[in-house]
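Asker: Okay, here's what each chain looks like letter by letter:
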Amino acid sequence: MIIDINFVGLIITSIMASAVPLILASCGELITERSGVLNLGVEGMMIIGAISGFALMTVTGSLFIAVFGAMLAGVLISTIFAFLTQTLITNHVATGLALTIFGIGISAMIGKNFVGIPGKEFPVLFNSLKDSIPFLSPILFGHSIVFYFAFALPFFTNYFLKKTKIGLIVRAVGDSPESASNQGINVRLVRYACILYGGAMCGLAGAYLSMIYTPQWIENMTGGRGWIALALVVFSTWNPIKILIGAMIFGGLTIIQFHMQAMGVRIPVQFLTALPYIVTIVVLVVISRDSRKIRLSTPSSLGKSFYKDN
Amino acid sequence: MNTNLKISNVTKIYPGCIANDNVSLEFNSGKIYALLGENGAGKSTLVKILSGVIIPDEGKIYLNENNLQLNSPLDAKKNDIGMVFQHFNLFETLSVFENLIIDSDEQRESLREKIDSIMKKYNFSIDLDIPVLNLSAGQKQKVEIIRCLIRSPKVLIMDEPTSVLTEQETSELFLSLKKFSEEGILIIYITHKLKEVMQLCDEVAVMRRGKLVSVSQIKNENLESLANKMVGQNLKTIKKKKANISSDQLIKITNLNFISEDPFETNLNDINFSVNRGECLGIAGISGNGQSELFQVLSGEILSDKNSIEFNKNYIGDLNPQERREYMVAFSPEDRLEQAAIPQMKIFENVALNNFKSSNFFNNGLINEKKIREHSKKIISDFNVNTDNIDLKSQFLSGGNLQKLIMGRELITSPDLLICFNPTWGLDVGAINYIHETLIKINEKNKSIILISTDTDELLKLSDKISVINKGKLSKIMSADEVTSEKLGVLMGGGEID
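Those protein sequence lines, which keep their order, are chains A and B.
In terms of our numbering, the first sequence is numbered consecutively and its last residue is 454.
In terms of our numbering, the second sequence is numbered consecutively and its last residue is 569.
Be aware that a few hints might be false.
[Claimed, not checked] Computed cross-link-like contacts, DMTMM-like style, restricted to lysine to aspartate or glutamate with a CA-CA straight-line distance of at most 20 Å:
#, chain 1, residue 1, chain 2, residue 2
1, A, 452, B, 243
2, B, 512, B, 487
3, B, 211, A, 363
4, B, 148, A, 322
[Unchecked claim] Okay, the calculated beta carbon distance ranges per label pair:
#, chain 1, residue 1, chain 2, residue 2, range
5, B, 205, A, 224, 50 to 56 Å
6, A, 249, B, 436, 40 to 46 Å
7, A, 310, B, 399, 56 to 62 Å
[Stated by the list, open to error] Facing chain B, from chain A, some residues (calculated, C-beta under 7 Å):
#, residue
8, 312
9, 316
10, 320
11, 323
12, 326
13, 327
14, 328
15, 363
To be clear, the hints were calculated from the coordinates, so they are not data collected in a lab.
Note that CB positions come from ideal geometry on N, CA and C, so glycine has one too.
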């Protein structure tokens, strides 16, 4: 069997494309969790981003407004979460779950009028270079700006957390909000900002799904990617570079099982579809065995409410 | 330049308790001031007000005649008030340098130089690039002090700084504090330890139940006069009578090891000791050196090799706490409200918790409430628990009363061995006395005690034999007569004695 090198390039490209929403959502959630807040509403924020982006694109016709609108929608819904957990001191887990259920419900409601409407084409960058080098150029060129942003984001996030003052403050708040507060850091403000940033990234991830990846609106189109993104944050032990690797593994298996189905491999379709989830869980379990490492890099205050009493 | 700090008519009221009742005090630089009081006397509240963590209901604070508005810790820092808290305000997973740079506006390089010069000047040596969780308590405290010194403070407040330090570290700290004072920093030293006040300070203010009781020169005071001011009554001293201890061995620990997966825990390394009937073995050490792991191994919260623990000729190393209780071992853990009792449950329900099998509290799986209530009432009267309402949730008991209740619950079956861990931690002097008396009585009844404690005085008072735990290793076992607190201090710090 001769394998066309360009075909392999195309597969890698599609793997990367499917990893984009996972990377965006995970990197956003990572910042949120590093500040000590566990937001289980990733799936909900993504789907809200997806419908907002698609609806705004259809109504206004402007891709710019659509993308930023989706991020803003993510920020708005995460503001609800932030207000509940940081101001009213509700439980992070319950509130996050509620956010997901709310997001799925309201997106389905809004989305009723948008089912079956075709999406718009999203402009791609460096399209002219696409045929310049075999194998490499389809991987490197001819993608949307969101695609490039997503692959740069883990490195920016890493730099932000490790090298900048604000990144240090975020880590400090996640490590010990009490100490941070006694040092004069406004814990609530930092956590609000991190939650809102996480919301924006989830909104963008959703918009990528409904506007670029599969340009159309389908009810529940995030299909559990939010949960995978959440798992990736843990699996990566809160390390943005490992998120990139994890997202590629999951994206890779998703794509490869499609191709296996297409090639008519005699494995039940249901099993193939479940494969990425199973493998990701297995990888997660195997890697999580190093409890020492996880403990050291886990934000110590993750999921715990903090309030200052005077 | 002289610094003058004035606290004027400060009042802070919490629901059900007046933490500071119209407190006025004045401090001048060049001296070291002690703020003395029992737990709950209001001294921590007062210093938290000075450092901006708590906002007072009434009253004003003046620094060099300027009225300060301290609404946040940032305000205190801006006004050159530095504070080292009793519970360190450090970020454990961040490096030392990251901990220091986080609230500084300086550039990395210039801050590093500054820190180096401070460390040189005061003879500190700390690796700036390792995570704080790898530091000892003494080093952590130095990081806190450096953090204050970076801002060249006018006032430095130390809240119970020696509770986690060894004798050696304490004397080092005192030297540093004296040096700071000579350089013109006003030092306020908060403690409930009288000896330290006599050793270090020039003036002492005593607080009791939120009120300022007295302000005086140290040279006019002695240990006894300060103790009486602090407690507000004359204290009797208890002394353990030297009993003739039998040679009948009750418990023997052989080659006990525990290796933890958790980096925040300490591994136990080849523990060997034995306790005879009627004997009290004290285990000293700075907290975090394996005491809590040792307690858990002894109580069965952590299981070990079956043969490593021999109790009364039975091997019980692989038994859980409930099964060990059947052999007449009783436990009093360190954390009263989280480990020993369930805060939201009523007193009588808590009493029933440690006695599932060997009692008639339960019939065919049903609770025999009447029996439990009778039993609880007996404990409350026998052990002097200051309440008559056994339906009270245990979280509303004071620390002393809760400790008495737990002791009573454990002792009412007259166990052969009581293992207790910091039984008087955070209690007031009256309750401490009562607990000490109770422990002495146990020994007099020819029952044994393993007392794990971070309070050296308590160990010297109650133990027949003493050993020191350091980094999960037990020192040789010494007779209490030949031990002094200085010797213990050396061992606690990891040193050797002959």
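Asker: Each hint: holds or not?
Answerer: Do the hints match the structure? See the list:
1. A:452 with B:243: 34 Å, violated
2. B:512 with B:487: OK: residue 512 of chain B and residue 487 of chain B at ~13 Å, within 20 Å.
3. B:211 with A:363: Not OK: residue 211 of chain B and residue 363 of chain A at ~54 Å, beyond 20 Å, violated.
4. B:148 with A:322: OK: residue 148 of chain B and residue 322 of chain A at ~17 Å, within 20 Å.
5. B:205 with A:224: 50 to 56 Å: Roughly 40 Å apart at Cβ, these two residues miss the hinted range, so it is violated.
6. A:249 with B:436: 40 to 46 Å: 44 Å, holds
7. A:310 with B:399: 56 to 62 Å: 59 Å, holds
8. 312: 6 Å, holds
9. 316: 5 Å, holds
10. 320: Given a least distance of 6 Å, the restraint on residue 320 of chain A holds.
11. 323: Since chain B brings a Cβ to about 4 Å from residue 323 of chain A, closer than 7 Å, the hint holds.
12. 326: It holds, given that the least Cβ distance between residue 326 of chain A and chain B is near 5 Å, below 7 Å.
13. 327: For residue 327 of chain A, the interface hint holds, since the closest Cβ of chain B sits about 5 Å away, which is under 7 Å.
14. 328: Status holds, d = 3 Å.
15. 363: For residue 363 of chain A, the interface hint is violated, since the closest Cβ of chain B sits about 42 Å away, which is over 7 Å.
Hints 1, 3, 5 and 15 from the earlier list are contradicted by this structure; the remaining hints agree with it.
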